[in-house]
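Visitor: Mind docking chain B on chain A? Use the hints.
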Amino acid sequence: MTEVLLSIDGLTKAYPGVVANDDVSFDIKRGEVHALLGENGAGKSTLVKMIYGLVKPDKGTMALNGARYAPAEPRAARATGVAMVFQHFSLFDALNVAENIALGMENPPSPRDLAPRIREVSEAYGLPLDPFRTVGDLSAGERQRVEIIRCLLQDPKLLIMDEPTSVLTPQEVEILFQTLRKLSAEGTAILYISHKLEEIRTLCDEATILRLGKKVGECVPREVSAAQMAEMMVGSALKPPKRREGDAGVVALEIENLSLASPSEFGTALKDVSLTVRRGEVLGIGGVAGNGQDELLGALSGELKSAAGAVTFGGAEIGNMGPKMRRKIGLLTAPEERLGHAAAPDMSLTENALLTGAEREGLTARGFLKWGTTKDFAERIIAAFDVRTPSAGTAARALSGGNLQKFVIGREVLQRPEVLVVNQPTWGVDASAAAAIRQALLDLAAGGAAIIVISQDLDELMEISDTFAALNEGRLTPVRPAAGLTIEEIGLMMGGASDMEVAHVDA
Amino acid sequence: MDLSAINPALLLASLMVAATPILLAAIGELVTEKSGVLNLGVEGMMITGAICGFAATIETGSPAIGFVAAAVGGALLSLLFAFLTQFALANQVASGLALTLFGLGLSSLLGQDYVGLKPPSTPQLDIPILSDLPVLGQILFRHDMMVYFALALVAAVWAALKFTRVGLILRAVGESHDAAHALGYKVVRIRVLAIMFGGACAGLGGAYISLIRVPQWTEGMTAGAGWIALALVVFASWKPWRVLLGAYLFGGVTVLQLNLQAAGLAIPVEYLSMSPYLITILVLVIMSSDRSKAPASLGRIFHASQ
Chain A
1 MTEVLLSIDG
11 LTKAYPGVVA
21 NDDVSFDIKR
31 GEVHALLGEN
41 GAGKSTLVKM
51 IYGLVKPDKG
61 TMALNGARYA
71 PAEPRAARAT
81 GVAMVFQHFS
91 LFDALNVAEN
101 IALGMENPPS
111 PRDLAPRIRE
121 VSEAYGLPLD
131 PFRTVGDLSA
141 GERQRVEIIR
151 CLLQDPKLLI
161 MDEPTSVLTP
171 QEVEILFQTL
181 RKLSAEGTAI
191 LYISHKLEEI
201 RTLCDEATIL
211 RLGKKVGECV
221 PREVSAAQMA
231 EMMVGSALKP
241 PKRREGDAGV
251 VALEIENLSL
261 ASPSEFGTAL
271 KDVSLTVRRG
281 EVLGIGGVAG
291 NGQDELLGAL
301 SGELKSAAGA
311 VTFGGAEIGN
321 MGPKMRRKIG
331 LLTAPEERLG
341 HAAAPDMSLT
351 ENALLTGAER
361 EGLTARGFLK
371 WGTTKDFAER
381 IIAAFDVRTP
391 SAGTAARALS
401 GGNLQKFVIG
411 REVLQRPEVL
421 VVNQPTWGVD
431 ASAAAAIRQA
441 LLDLAAGGAA
451 IIVISQDLDE
461 LMEISDTFAA
471 LNEGRLTPVR
481 PAAGLTIEEI
491 GLMMGGASDM
501 EVAHVDA
Chain B
1 MDLSAINPAL
11 LLASLMVAAT
21 PILLAAIGEL
31 VTEKSGVLNL
41 GVEGMMITGA
51 ICGFAATIET
61 GSPAIGFVAA
71 AVGGALLSLL
81 FAFLTQFALA
91 NQVASGLALT
101 LFGLGLSSLL
111 GQDYVGLKPP
121 STPQLDIPIL
131 SDLPVLGQIL
141 FRHDMMVYFA
151 LALVAAVWAA
161 LKFTRVGLIL
171 RAVGESHDAA
181 HALGYKVVRI
191 RVLAIMFGGA
201 CAGLGGAYIS
211 LIRVPQWTEG
221 MTAGAGWIAL
231 ALVVFASWKP
241 WRVLLGAYLF
251 GGVTVLQLNL
261 QAAGLAIPVE
271 YLSMSPYLIT
281 ILVLVIMSSD
291 RSKAPASLGR
301 IFHASQ
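Just so you know, the sequences run in chain order A and B. Position 339, counted from 1, in the first sequence is what this note's numbering calls 339; the numbers after and before it change by one each time, with no gaps. Position 246, counted from 1, in the second sequence is what this note's numbering calls 246; the numbers after and before it change by one each time, with no gaps.
Hint data in this document are derived by calculation from the structure and do not stem from the laboratory. Keep in mind that this is a model prediction, so the values were computed, not measured. Positions of the beta carbon are idealized from the N, C-alpha and C atoms, including for glycine. Be aware that a few hints might be false.
What the hints assert, rightly or not - Mimicking EDC-like on lysine to aspartate or glutamate, the simulated pairs with C-alpha atoms at most 20 Å apart in a straight line are: (1) A/K324 / A/E418; (2) A/K182 / A/E123; (3) B/K293 / A/E106; (4) A/K182 / A/D155; (5) A/K59 / A/D23; (6) B/K186 / A/E106; (7) B/K239 / A/D93; (8) B/K162 / A/D93; (9) A/K196 / A/E218; (10) B/K162 / A/D113; (11) B/K293 / A/D93; (12) A/K29 / A/E223; (13) B/K118 / B/E59; (14) A/K271 / A/E473; (15) A/K196 / A/D430; (16) A/K56 / B/D178; (17) B/K186 / A/E73; (18) A/K328 / A/E351; (19) A/K214 / A/D162; (20) A/K370 / A/E359.
Unchecked claim - Chain A side only, calculated, beta carbon under 7 Å to chain B, not exhaustive: (21) P74; (22) R75; (23) S90; (24) L103.
Pulled out of the complex, with its shape left as it was, chain A reads as follows (with noise of 0.2 Å):
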């Protein structure tokens, strides 16, 4: 069980401008689960996209099973016994889980042997489900079952994974691994692509670690610490996030029973939020997406308004004020979706600094704009977070994501908030630029405000604060002490009585 599946020589590919991989080689053997290690950029995406026949390589061979293999296609790809379950899924929201599967299936058999073979396949694995119904209305979790069984009736023998636990519950990804292990021991082998170490820790048996699109090492993920990892991803060493000790000020903002109808037609209503955040406190709001975390975020910018004694700024009433007096006051938010929400795409950042700074920075005089100021607003935020960007007239679009969210969260953090609410912060921003973000929000706790993160990133949530609540369903658990809660705890506060139980996999 241990010859080589397959053997990655020398893979290059270079777009203009940039070279995406540069020369990597290794090898994955029969039933070995190997992690795919690097940060934003480095390259992941591109290699797997190789392997999986959506990219052709410049240079360099690849060998499955001792036999040459350049998949000119995905088909290709998938009629050689490989398959990939992918970061974004690529699922059709309104075809049934039967549909979806046939889709991604060579040759398909008849819907009505199809929807048996679904059924019997997820039960062996522990993924549970039902074929008949429609995609859109599949939580996180079952949306991923649907992509891993629609790789596993093929009998892959090599499946990549994208991120796949980014979106799951503690519970959820636990199902997910007993099912690899399933099928590592079955002799599959799994290409895993993730930044949570401690993750690739518990689950693989190799790593490789991509830099700059260059392979920089490999090693046993079992036999070195999650940091010596961080450091050979990012090239230094990362400075965890330092926190300053003290007791937390008076009250800042407070929520009190607040029931709120959604906007949207699949969003969640809030029912019955309280909420209390002290000065210098950061409060962490953790639970799987789509539970009324854009929903509080709304509450709380003042885009959904509410009766005026639900939500108190420092005493004064303020559920009815819309998000502009909700600013100028000092109570900012700045919203998960970096393009269209937090940012205009197709304004420049100059313009986009603008348009949430005009209240608190002074950037308009009677009706006209000032450039002049705001050009120099939105250079401070680019000095002070390190964003890279050619210049600040580049349009918001043009900027990798990570480099967007350092704009839009440095952006809110030098309007000197009091209170300031960030939705997934740190979401798809790799390590180095994550920490540069956690130590603002501290920095900025510290100087005084309160700040409320809400977060699906449950790592991220215990570094920074100091109290943590829990939406599900748009219900907020009673807000506890960070310290001291147990992963178990956590899991139990997000998913309440949940339904991904843990199906019984048979060894």
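Guide: Showing chain B alone in chain A's frame:
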């Protein structure tokens, strides 16, 4: 006013004829939109089909060849739209509007020598027993082939979308072109074929007007039928059988209001003329209040990045 002048059997029979052009164009546009492409050039493709079919019929004397020429003409014109939107990545709304204007101009140019001519008539179907049935025969079984072809096409499109792999792939591309691309489907190729199918159907619809419904050639003779077909697809919630219902409803009210005009109903003619549009849209709006939605990628530009 003399309502007894209206013969119900004749009314129902002419309903099917009045509805066929819109039905053909709409079922083609439905397939195009199911693939995620919004082609607003239906009117232009219909009128181009009308003149291509008319000219070919005059030159060859065969309506059958005329209809084939109309389908080819409509499909060729739609290729222009396909090139603009799928390869040059132009905006679909603007390209579609331009296609309509271009089609109207092109057809006037092509049709200069054909004004005032009369095409050979298209043979009516004559089925020994069925056509001789008392009332039913007149309503259902004495039409030309195209009426039945349009009906068969609706059934075929419905079955293909629901039961075949080709239909599933087409819907998938319209639902999420990124996901379809990631799975290795040729998004652009599938869309170009769907656009051409829509063009061919619109061409047939146009030719039906110039060869059977009217039958002669005048500039701008489609008179907005393409727009009605477009609206029909939306209000029918992208469902083939509802397109059929909407088209027959529109045809029915059109024929009825003409009859009422002839019978001298004491309502201003303008109100009667607008009634088919109002009633069709009203009925379909009420019906489309369920949760069925447009293909999620409709009108979005697809660019395969890396």
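Visitor: Are any of the numbered hints broken by this structure? If so, which, sorted upward?
Guide: Violated hint (a single one): 3; every other hint is consistent with the structure.
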